[in-house]
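Colleague: The chain contents come next:
2 protein chains.
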Amino acid sequence: MKGWWNELARVDLSSFEVRYDEVGEGLLKKYLGGRGLGARLLIDEIDPRVDPLEDNVLVFSAGPLTGTTIPTSGRFSASAKSPLTGTITDSNVGGSFGKEFKRAGLDAMIVKGQADEPVIIDISEDGIKMFQTDLWGSKTGVCFDEIEKRSAVIGPAGENEIRYASIVTDGYRVFGRGGLGAVMGSKNLKGITVEGSKKVDVNDQEKLKDYVKKASSKIDSSPVTSRGLKKFGTPILVNLITWLGMFSKKNFRECADEEEADELSGERMKEEIVEDHEGCYSCPIRCGLKTKIDGKEGKGPEYESVWALGSNIGLFDLDKVTELNYRCNEMGLDTISTGGTIACAMEMKEEGIWDDMEGFGSDVTGLLYKIAHRKGVGKKLAEGSKRLCEEYDCELSMTVKGMELPAYDPRGAAGQALSFATSNRGGCHLRGYLIGEEIFGVPKLFDRFKTSGKPELVKRAQERNAYLDSLIMCKFGAFALDEEFYSRFLRSVTGVDFTISDLHGIGERIYNLERQFNVKAGFEREDDLLPERFEKPLKRGTSSDNVFDMEKMLDQYYDCMGWDQDGEPKKETLERLDIPNF
Amino acid sequence: MKGWWNELARVDLSSFEVRYDEVGEGLLKKYLGGRGLGARLLIDEIDPRVDPLEDNVLVFSAGPLTGTTIPTSGRFSASAKSPLTGTITDSNVGGSFGKEFKRAGLDAMIVKGQADEPVIIDISEDGIKMFQTDLWGSKTGVCFDEIEKRSAVIGPAGENEIRYASIVTDGYRVFGRGGLGAVMGSKNLKGITVEGSKKVDVNDQEKLKDYVKKASSKIDSSPVTSRGLKKFGTPILVNLITWLGMFSKKNFRECADEEEADELSGERMKEEIVEDHEGCYSCPIRCGLKTKIDGKEGKGPEYESVWALGSNIGLFDLDKVTELNYRCNEMGLDTISTGGTIACAMEMKEEGIWDDMEGFGSDVTGLLYKIAHRKGVGKKLAEGSKRLCEEYDCELSMTVKGMELPAYDPRGAAGQALSFATSNRGGCHLRGYLIGEEIFGVPKLFDRFKTSGKPELVKRAQERNAYLDSLIMCKFGAFALDEEFYSRFLRSVTGVDFTISDLHGIGERIYNLERQFNVKAGFEREDDLLPERFEKPLKRGTSSDNVFDMEKMLDQYYDCMGWDQDGEPKKETLERLDIPNF
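Note that the protein sequences, when read in sequence, are chains A and B. Each residue of the first sequence is one higher than the one before, starting from 1 at the first, in the working numbering. Each residue of the second sequence is one higher than the one before, starting from 1001 at the first, in the working numbering.
Mixed in with the good hints there might be a few duds.
[Unchecked claim] What follows is a set of in silico ranges between Cβ atoms, one per label pair, in the way DEER data are often shown:
# : chain 1 : residue 1 : chain 2 : residue 2 : range
1 : A       : Y20       : B       : T1365     : 52 to 60 Å
2 : B       : D1134     : A       : D12       : 30 to 38 Å
3 : A       : K149      : B       : T1365     : 45 to 53 Å
4 : B       : E1358     : A       : E297      : 36 to 44 Å
5 : A       : R49       : B       : D1276     : 15 to 23 Å
[What the hints assert, rightly or not] Simulated crosslink set (DSS-like; lysine-lysine; CA at most 30 Å straight-line):
# : chain 1 : residue 1 : chain 2 : residue 2
6 : A       : K129      : B       : K1320
7 : B       : K1320     : B       : K1299
8 : B       : K1320     : A       : K349
9 : B       : K1129     : A       : K379
These are calculated hints, taken from the structure and not from any lab test. It should be emphasised that the depicted structure is a prediction, and the values quoted were computed from it without experimental measurement. Where a beta carbon is used, it is the ideal one built from N, C-alpha and C, also for glycine.
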């Protein structure tokens, strides 16, 4: 069984001890790596009810395909209980960090405890060491300047345990959602450096070469991956989503019009601020954008960020939005939750609900600093919009399970709406990205306004993304590659035969394991609903005058998932999927 | 009227504006400067009920004698509402910062609002400027290395708004008590730099010269200031206070014995770690200690710190205590409240009251870091022992009004006990230091175990310290100088005649103004009591088997203060002292 070393490191920051262990082959076959392995390891380490900023454990994991020559296989995963949502969560990142980790000889690393003073974990083929660091307090850019190796670091936001703090790698590739940066901060772990040169052992090099060639050609010929993402990066979506009436504006109160959105579009970015493109390790798409504003160079913004820090807070000035994006990366803040929280606070201010908001003005730039340092008005914003609205007893938080929703108004696509509602890390588009089926028509177009058949579609998408996140492969590749490719990649690398159906079974297992974690953490059916705002239709645009019967979709979704009507996996479902008791 | 410029600067960090103003002569004559002026300016700026970490205002002030050649006149004052106690508070510092401030042409500076990003205020004869700074996150030592001018900075503790964070100047001269560092932190004010060369205008230079000469000779011949403090610094007190059975141990559960205390004594320090002495500007006593442990150089510990970080937490290892003291200065933590809070937590742990204390072990060194950064177990400790005990519903916090008591067991001196209880910034020894009267016999010895006459003595001491803090003169000088000296100094510098009775009147006015602030902030008679522990006698030592009737002393104290039996200043008292309505 190639592509895995079975190598697991257990790092205890409280005692400064490192133990090396193995992951059983059985576990790898059942959970692959990345997100699946992370979830499986996590349930042995923590009780689902722990305070995520007190007794949490972080699992970093590569997958069987990480570090190979397979296009879009350069990703790397981190898992923990989320300080933002209280659910199990994971986030994965592109760039080259994962490749180095894998080449240093590791499949996964469990980090527990808390260091007495700020430390950096250094990973190399010689093993894992811990060093005290003077970088605490520094923005991420300073860290990347000072640290010569490949590194994943937190900014001030993570240090100060902002509930949506990110972990930043390679200068701007970010473990963005769910506040994993805050978990690092709570452990006094400023960063991780890594260097490795081992080659991933491949079972059938020839076959792999052949599949890689075919996959690359597919990627080069798909309009989404070649023309769209390759030429404009993710912001190519701005105009499209606006035409569909789903590019929300001002905390989902309405949608941006074409003129406004055009200011933030991929086309406009290319014209005005993009200097160059760059790709993750082993990726031909190269959707990353190197940009420049006012003589200052940086990376991004991505589609989600240009929306969250732009349209969602009513800001249609590309330079300013880009500046905010740079700052979020410097502070180590998730752009989506940052924008969503500010958008919510803006509406609260307009409505006169939150009136002691000294320092909350039109200058959002300074606000990011205040959030990251929990200063003044930033103290309350640092907790995210859900907790903020709970304090003021209002319904203006556009979140699911406490996570701020991303850049698609759910009133424009029934499947995506259900996917947001049932995502087991909260309001996110990456657990089940129905935009493929409902908008791009990949692999097949479904009417975005119809609810029938969507629960089954969401289930399939959630399974697919669960196994993709465990291999780990980028979801952008999946716009071009059909699922047969993943089966082939895995077989040629590991020598083990995984059919598409096997892969979906693994995805289903992972999804249910995560769900079971959340059930034990106290989540219920009512947590699988969208904010009240979405029960009323949009007033303009091509998605107007439309709402979905979420409760009905939920009934059907639970049925097809094998869950009871409270949303709990049935005993027979857990048994069928061989999910351990915990 | 010399010795004052009447110059007041108003700095608004929110708008980056500086306005220059004058302090009226009437105000200066009524409140002198320093603490008195600070309190008087503060009541115009803030409502006593504000959240001290949200809408607070900081007043920095020199006094009429600051920057002159008068011995011990090198001090400088800061006032605000305390985040630790909720009372009005001030703290003053030695060194040379005050002299520079005065010589830059200012009497006081009011700092309000909150900067968007960390700033430093720079004061010079050309005016006040604000600069953004990269020093946020840095320990104080790094700041002093980087900043070439005289500066007052906060460490990580102030940045993270630890309720007992200090402001550090000149490397180790500290505005220690009451959490003024947290107020700076809440304003994103990392530091203040200052440089000035104006000379303080003196009315009668010849007379002043004469008085200075006489005062210096007094200081040189007093055993406390010349032999004790000059030779050993403040830790000369350790053995004396131990012999008196008042050198508390382990959260005031008992008192240290001679053998234990000797490990921390001034004599031991001189033998083992003291390298040199240094004095504040214009001070011949030079009680500051330059020390060295394990090749590392630093300053202190002072008497209070060697107790708080030593005996009070059951640690009798001079090197370790010294290391903790260095760290408190680096982090910007008040040593007394830090030690008091840790001592309290240790007892809670022993008693099984606080059981989720992961990371709270015998290693106090790492704990200081955690407190300053609100990490892990440090989160709860960062709030101080009073809030900690409220959370766990126990009576183990050795505080008055939320401020941790200093290094004298109140069961050994009735006046000091009453002074602790009624101090209007909480459990502190510097509002009324009865150790002079009850132990040193300065100016006259009173039986420490008797309560009769003590309320009047406490009143006099509180008045005296209020005007000393406003001139501003160091209390150590007062061991050698009788009050007539202050009247002479003031007259020769300002040309205005202040009798000793005038000075006591000013002290009384200041004390009542502060009290009135506290009454309006919600403080009541029950806040003027010592912790329950002191209702039971000590079991061993020369202060054992003794408790005081605090309620009775309080009745008498209120009477002689002109307050009603709820502890509120009577209307006629306020009118007599000409205290404004606010």
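Colleague: Decide, hint by hint, whether the structure agrees.
Modeller: Okay, the hints, checked on the actual structure:
1. A/Y20 to B/T1365: 52 to 60 Å: 29 Å, violated
2. B/D1134 to A/D12: 30 to 38 Å: Holds: the Cβ-Cβ distance is about 33 Å, inside 30 to 38 Å.
3. A/K149 to B/T1365: 45 to 53 Å: 29 Å, violated
4. B/E1358 to A/E297: 36 to 44 Å: Given range 36 to 44 Å: holds, Cβ gap about 43 Å.
5. A/R49 to B/D1276: 15 to 23 Å: Cβ of A/R49 to Cβ of B/D1276: about 56 Å, so the range 15 to 23 Å is violated.
6. A/K129 to B/K1320: Answer holds: A/K129 to B/K1320 is near 27 Å, not above 30 Å.
7. B/K1320 to B/K1299: Holds, at about 14 Å.
8. B/K1320 to A/K349: 51 Å, violated
9. B/K1129 to A/K379: Cα-Cα ~27 Å, so holds.
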